[in-house]
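*Asks:* For the sequence shown, the positions run 0 to 296 when numbering that gives the first Met the number 0 is used.
Calculated from the structure, these hints are not laboratory results. C-beta: ideal position from N, C-alpha, C; glycine also. Careful: at least some of the hints might be erroneous.
[What the hints assert, rightly or not] Label pairs and their in silico Cβ distance ranges:
1. Val109 x Gly229: 30 to 40 Å
2. Ala56 x Ala141: 17 to 27 Å
3. Thr41 x Glu96: 20 to 30 Å
4. Glu39 x Leu127: 45 to 55 Å
5. Lys99 x Pro215: 24 to 34 Å
6. Ile222 x Val109: 14 to 24 Å
7. Lys99 x Gly47: 54 to 64 Å
8. Leu195 x Ser136: 55 to 65 Å
9. Pro32 x Asn252: 53 to 63 Å
10. Ile152 x Ala64: 32 to 42 Å
11. Glu39 x Val109: 15 to 25 Å
12. Glu226 x Asn252: 52 to 62 Å
13. Asn48 x Ser136: 38 to 48 Å
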Amino acid sequence: MGSMVSRLAQQGYNPAQIRALIESRLTIDPDKPIPAAYAEYTINMLQGNLGESVYYAEPVADILARALPWTLFVLSWAIFISFFIGIAVGALMAYWEGGKLDVGLTSYAVIVGSIPYYVLAILLLIFLAYHGPFPSSGRQPAGVEPGFTWVYISGIVEHAALPIISMLVASGVASLGMRGNSIRVLGEDYLRVARLRGLSDIRISTQYVSRNAILPMYTTFLISIGEMFGGSVVLEQVFQYRGLGFYLFSALNQRDYPLMMGGFVVITVAIVIALLIADLTYSLVDPRAGGQNNESY
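All chains, full assembly: derive it from the sequences and hints.
*Replies:* Right under this line is the structure:
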């Protein structure tokens, strides 16, 4: 596909014009030594100056600021819904371990979980967009004034539906993790003690089994943010959903290095923040991690 320089040369730019154009877009002096250029880039990055996109000819920070909320909208709903679906389905699989429901859902989760995001996205695009009720591209309804109106909000939901469904279908593996955690918890001694005390099945399942089986899933879902960001690059391109992944794919295709590096920086920061939140809040979910050793039964 060639480098950014070769692409500009194919568009008729001479070497002097190419150098001037690239220097005007970058936040560093290319003639400086690499350590000095890296330090300069880092300082500019910390100040929010990510340079200017060579392809779009506008500041990278402005492009990412417009695109990131749309990607976060899709990812947040996909993570939220898949978390609760994974917990519910995994608990059912564990309760009827070895039954037809368990075998069927396990087979589904293994098969679907091994299919890449973009394959599911293409299938959904064919059956639910081209031959269904959902829009095939875009992120908001055309010809509708943005605002807090039912027409605009419902249009946004319709355009985000297929990307969200693609991530939900591919996240069936989460139910396998919940199933394994629940089966392990069901064999713990404190559950036998709880049954001997005459506690109801509902209380045992909600306060003992589910609560303890969910704990490993909490960090797993926060860590999965990185995987979903990676999947959004191709996913948003398939649906022409102009989020962070769409512009990052465009930057990779056009060899737009300032936009490419800016996109990777945003994704890296988002993953680090998610892991930090997981570390800081895990003790709230599991008091034992915070040094408390209180027995609840």
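*Asks:* Hint by hint, say whether it matches the structure.
*Replies:* Outcome of the hint check:
{"no.": "1", "hint": "Val109 x Gly229: 30 to 40 Å", "verdict": "violated, 21 Å"}
{"no.": "2", "hint": "Ala56 x Ala141: 17 to 27 Å", "verdict": "holds, 24 Å"}
{"no.": "3", "hint": "Thr41 x Glu96: 20 to 30 Å", "verdict": "violated, 52 Å"}
{"no.": "4", "hint": "Glu39 x Leu127: 45 to 55 Å", "verdict": "holds, 48 Å"}
{"no.": "5", "hint": "Lys99 x Pro215: 24 to 34 Å", "verdict": "holds, 27 Å"}
{"no.": "6", "hint": "Ile222 x Val109: 14 to 24 Å", "verdict": "holds, 20 Å"}
{"no.": "7", "hint": "Lys99 x Gly47: 54 to 64 Å", "verdict": "holds, 56 Å"}
{"no.": "8", "hint": "Leu195 x Ser136: 55 to 65 Å", "verdict": "holds, 60 Å"}
{"no.": "9", "hint": "Pro32 x Asn252: 53 to 63 Å", "verdict": "violated, 31 Å"}
{"no.": "10", "hint": "Ile152 x Ala64: 32 to 42 Å", "verdict": "violated, 21 Å"}
{"no.": "11", "hint": "Glu39 x Val109: 15 to 25 Å", "verdict": "violated, 49 Å"}
{"no.": "12", "hint": "Glu226 x Asn252: 52 to 62 Å", "verdict": "violated, 22 Å"}
{"no.": "13", "hint": "Asn48 x Ser136: 38 to 48 Å", "verdict": "violated, 32 Å"}
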